[in-house]
Amino acid sequence: MIGPEGVVGVTALLGARAIACHRAVIQAPGSALRMPVTSFRDCLDRMPVLRERCLDYLSTIIVQISQTAACISRHRLSERCADRLLAACDRIESREVPLTHSMLARILGVRRAGVTVAIGVLQNAGLVRCGRGTIEVLDHAGLEQAACGCSRLVRDQFHQPLMCS
2 MIGPEGVVGV TALLGARAIA CHRAVIQAPG SALRMPVTSF RDCLDRMPVL RERCLDYLST
62 IIVQISQTAA CISRHRLSER CADRLLAACD RIESREVPLT HSMLARILGV RRAGVTVAIG
122 VLQNAGLVRC GRGTIEVLDH AGLEQAACGC SRLVRDQFHQ PLMCS
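Residue numbers (our numbering): 2 to 166.
Misleading hints may appear alongside valid ones.
[To be verified] Now the in silico label distances, taken between C-beta atoms and shown as ranges:
#	residue 1	residue 2	range
1	Gln146	Pro30	27 to 33 angstroms
2	Val50	Ser74	18 to 24 angstroms
3	Arg112	Leu45	37 to 43 angstroms
4	Ser74	Pro30	31 to 37 angstroms
Quick caveat, the hints were computed from the structure, so don't treat them as lab data.
Using N, Cα and C, we set each Cβ at its ideal position, and we do this for glycine too.
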């Protein structure tokens, strides 16, 4: 999940083969800038600070991937669901998240029926309200308590000071 802090295709730092297998899916309205990979690589060659920041970002993405793998094996689906909703709120800076149960199931790597049950738990607790194609966070602090906290660990990694000069 990438928001204003991120770059889609930052793996272009790793070479041509690294970018061929990725596909970006836009889940929420917003704006973005786009450039050809060759132009991006030219910029990286000319701007060492940009290269260092992109490498720092890539390092953080690796932490996110590792944390997600650990999260899948250790936490209940309702905790993971709460965690992903908090991460989405952080990225789009809104309490209303434009997600369907099907999309959330794909993000979490589970069946849609499991997400419906997990969202039901959160909804019964008064933490979220579901609408058609949206999930609204009603109690952010309560949702944080219901979440496993993995997105918080990743968010804190994003806010670490950059190590470039």
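Violations among the numbered hints, reported as their numbers in ascending order: 2
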